[in-house]
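Full structure from sequences and hints, please.
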Amino acid sequence: MTTAMGLKDLFTRNLRQSGIYIAFILIVGLFTLTTHGVLLSPGNVTNIVLQSSYVLILAIGMVIVIIGGHIDLSVGSLVALTGSVSAILVIRHGQPWWVGVLAGLGVGLLCGMWQGFWVAAVGIPSFIVTLAGMLIFRGMTLKVLSNVSLSPFPADYQHIAGGFMNGFLGGNGYDVFTLVIGAVAVVGYAVSQVRTRQGRIRYQQLVESMPLFIAKIVIVGVVVMAFMYQLSRSRGLPVVLVILGVLVIAYSILTTKTKFGRHVYAIGGNLSAAQLSGVKVPRVNFLIFVNMGLLAAVAGVVYSSRSNSAQPAAGNMFELDAIAACFIGGASTTGGVGRVTGAIVGALLVGVMTNGMQLMGIDQSVQQMVKGIVLLLAVAFDIYNKRRATAAR
Amino acid sequence: MATPILEMKSITKTFPGVKALQDVSISVERGEIHAICGENGAGKSTLMKVLSGVYGHGTYDGSIVFEGEEVQFGSINDSEARGIVIIHQELALVPYLSVAENIFLGNERVHRGLIDWNRANADAAALLARVGLNERPVTPVGQLGVGKQQLVEIAKALSKEVKLLILDEPTAALNDNDSEHLLGLLRQLKAQGITCIMISHKLNEIAEIADTTTIIRDGRTVETLSMVDDGVTQERIIRGMVGRDLDHRFPPHDSVIGQEVLRIENWTVHHPTQPERVVVDDASLSVRAGEIVGLAGLMGAGRTELAMSVFGRSYGRDISGKVFLHGEEIKTRSVDEAIEHGIAYATEDRKKYGLNLIEDIRTNVSSANLDQVSRWGFVNANEEIKVAEEYRQSMNIRAPSVMSVTGKLSGGNQQKVVLSKWIFTDPQVLILDEPTRGIDVGAKYEIYTLINKLADAGRAVILISSELPELIGMCDRIYTLSAGRVTGAVDKQDATQEHLMELMTKERGPVR
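First to last, the protein sequences are chains A and B. In terms of my numbering, the first sequence is residues 1 to 393. In terms of my numbering, the second sequence is residues 1001 to 1512.
Simulated from the structure, these hints should not be mistaken for laboratory data. Incorrect hints may have been included.
Said to hold, decoys possible - Derived, one-sided and incomplete: chain A residues facing chain B with beta-carbon distance under 8 Å: (1) G199; (2) R200; (3) Y203; (4) T258; (5) A266; (6) S277; (7) K280; (8) V337.
To be verified - Derived pair list, reagent style BS3-like, types lysine-lysine, alpha-carbon separation capped at 27 Å: (9) B/K1351 / A/K280; (10) A/K259 / B/K1408; (11) A/K280 / B/K1331; (12) A/K259 / B/K1386; (13) A/K259 / B/K1351; (14) B/K1019 / B/K1408; (15) A/K257 / B/K1352.
What the hints assert, rightly or not - Among chain B residues calculated to face chain A with C-beta under 7 Å, some are: (16) V1335; (17) D1336; (18) I1339; (19) N1356; (20) I1358; (21) S1367; (22) A1368; (23) G1377; (24) V1379; (25) N1382.
Idealized CB from N, CA, C, for every residue including glycine.
Structural data, given as structure tokens:
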């Protein structure tokens, strides 16, 4: 028999996850008010996406690292290193843009393998390995760049993060192509939701009630289309957004639906139990760091492209932004808990806050303090929830 | 007699789903050694946790009267302030700190805000002399053996002006010499007027040392025996503890024994961090299809170490020996290799090694055999839930759904999840390490029935247990281990507790 879940069940069951969405909506609402609607204006929505893009990419990799019970402090330095390698090839040696991108990704992979080796094969805690990596990769960046910035990149390289897809289908005052992509995404979401629902019904499991199910799809559809409409009224669909969309979908599937994802959660949840269940722990740990290296390289390319330069100090403190995003997004400091979508919303929350405060002309110093307090509150809320859950049983 | 130093009246303590203590009352006279006996899970440790304030006032019903006045302990600090000190089975010493530092931890010898080391070490030396421990106060505790650490714990208790000392299984990890010394020390303390409550499974020790014995069964007080006046024998205590015939504690079972499935030959394992120490010494054993084979041994005999080293070298180093499956030699160098060969090992410590407690039943059940519910590396969540649901029903796991988090289940239900997880790997050999530890009596019977069913399905079962009645009641054959050596193999009809105990305490293996 199939029974339906109500709205309340959904929220209470996923309080840990839904809390972050509610917080996100509140923050967006707050800053929309304080900026008199500028926050959600077409140009600014585009800006938020571009500004937070590299932290979002890093957060995707970081949440997997954190679920596995590790930490990675080196990603900021790695962003700088991969961007510099790319810049050297493209700017100094005049190579085409894709050679730079591939080289950057290659360096990211190698650095990931280097750290993965020390964590997985030698068994050094990731905190130490990546603290060393943070120094090593920063040093390598300085070496590669000989302590000076490189700029500018050719136009096609800038296009990676600064480019927009628009005008393919025309439109007056708004870009039809952007809207079409939005519509495709919404339809794709709806189809996958319906298929999941059918699968669950076939296996006689709980599903949401029909009105709730439809409401969920409609709300997501409206939000996505509103977002796309704002983009289309500005400069169209940012290339970065496409990269991000692909990464979010791919990594959500990787973490929730694959054996590899399961093994990451198992290792973070109870290392010994995972080992005794036949999980090849060193292999999984190695792959976690290789993947983080690769994503740091993607972020490095995007960042260098957006800033149109490679700088010795690039990516400073990015690791902390990414880590904060994961914890705000509901990941547990002890591992085993977390979601890609949570980390994304966490990063967006920080992004919206930063952007909103910038629009209000709030001083940089205050911004930092606010960010710190939000991180504290998010984790405090998480601990409060956990306690309540334990007390309730 | 004078008024008792301690009276616990009608203590009732409930955990979610389990009534751990029901209307338990005990009365302890000043200056006596009072033993508390009962099976595993009878509620002895819970009672002591109530007394020492680990379960604070308000989490239980009933009252505690200490030295004539009613006390309400909110935490262990409150009870220690009144002179009640508990020494747990797992010792709570910091291995890197010195003996003196451990003794005065939280109670430092301070002079003007700084620690007065001379006084601390001198005081510690005096306390060590009192417990008969011939070690320097500056020696790190980690360098001492378990027996000596036990004495450090007692010295620590003495430093707190203890009036009532509670010892939870003090001799479980000790060898005979150390046990003897400890019992002698308890007699001395008694002469000095310190009252002592001792929880123990070793009935011979209780018969030797205790003045009074309270027996607890299934969370209730059964009786209180005066050891001196009533001339109580070990058999008398056993009758009180068990309360029913052995026959009814184990489901009836007729084994249908087939061909040999697993054979281990000349298996030797060294300690992981002390390579010169041999933990399993040239052990050989075999188990046949449909057979339940027991491994008996005292703590430190190497039972778990033997099992875990066979199961993908999860324990130890410099492992040598051969493993045969259906007569063919196999390699079990890693856990997944062992699982692939059809070996499953359900751990003795299900919380630490068996389950991912923050995940749900479904995830735990599939965790050792994800391939079965996956295609191309993708897990079919629906199929997985279906499988877990089947196990939830067939194993009678009491939880609202397979999405329930395992950390919130009772011990018995957690154990059923662990068993489900391993049965789902479709093993030919199931090694069950203390499968009924910390489980209440009703759930034990269910687990026994499951084990019998597994054997009836033609699987070979190796059962490791510290409870001899359990081994005798369940097994077709029992191997005894002593100090890493196999010292005997006893058939069901010859197995008595006395015979097994004799083999388990034998110094040397049979002459080969």
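Structure-based check of each hint:
Nearest Cβ of chain B to the Cβ of A/G199: about 5 Å, under the 8 Å cut. The hint holds. For A/R200, the interface hint holds, the least distance from its beta-carbon to any beta-carbon of chain B being 6 Å, beneath 8 Å. A least Cβ separation of about 4 Å between A/Y203 and chain B falls short of the 8 Å threshold, and the interface hint therefore holds. Taking 8 Å as the C-beta cut-off, the interface hint given for A/T258 holds, the closest approach to chain B being about 5 Å.
Interface hint status for A/A266: upheld, as the beta-carbon distance to the closest one in chain B is roughly 6 Å, under 8 Å. Evaluation of the A/S277 hint against chain B yields a held restraint, the C-beta minimum of about 4 Å falling below 8 Å. A hinted interface residue such as A/K280 counts as satisfied when its beta carbon comes closer than 8 Å to some beta carbon of chain B; here the least separation is about 7 Å, so the hint holds. Satisfaction of the interface hint for A/V337 is found here, the shortest Cβ-Cβ separation to chain B being roughly 6 Å, below the 8 Å cut-off.
At roughly 20 Å between alpha-carbon atoms, B/K1351 and A/K280 fall within 27 Å of each other, so this suggested pair holds. For a cut-off of 27 Å, the pair hint linking A/K259 to B/K1408 stands: about 25 Å separates their Cα positions. Proposed proximity of A/K280 and B/K1331 is supported: the alpha carbons are some 17 Å apart, at most 27 Å. Note on A/K259 and B/K1386: the hinted pairing holds, with a Cα-Cα distance of about 17 Å set against a maximum of 27 Å.
A distance of roughly 23 Å separates the Cα atoms of A/K259 and B/K1351; the hinted pair therefore holds under the 27 Å criterion. With a C-alpha separation of about 16 Å, the suggested pairing of B/K1019 with B/K1408 holds against the 27 Å cut-off. Between the alpha carbons of A/K257 and B/K1352 the distance comes to roughly 26 Å, so the proposed pair stays at or under 27 Å and holds. Interface hint status for B/V1335: upheld, as the beta-carbon distance to the closest one in chain A is roughly 5 Å, under 7 Å.
The interface hint given for B/D1336 holds, since its Cβ lies 4 Å from the closest Cβ of chain A, which is under the 7 Å cut-off. Taken as an interface hint, B/I1339 checks out: its beta carbon lies about 5 Å from the nearest beta carbon of chain A, inside 7 Å. Interface hint at B/N1356: satisfied, since its Cβ lies 4 Å from the closest Cβ of chain A, which is below the 7 Å cut-off. The beta carbon of B/I1358 comes within 5 Å of a beta carbon in chain A, closer than 7 Å, and the hint placing it at the interface holds.
For B/S1367, the suggested interface contact is upheld, since its CB lies about 5 Å from the closest CB of chain A, less than 7 Å. Taking 7 Å as the C-beta cut-off, the interface hint given for B/A1368 holds, the closest approach to chain A being about 4 Å. Satisfaction of the interface hint for B/G1377 is found here, the shortest Cβ-Cβ separation to chain A being roughly 5 Å, below the 7 Å cut-off. At about 6 Å, the closest approach between the beta carbon of B/V1379 and any beta carbon in chain A falls short of 7 Å, and the interface hint on this residue holds.
At about 4 Å, the closest approach between the beta carbon of B/N1382 and any beta carbon in chain A falls short of 7 Å, and the interface hint on this residue holds.
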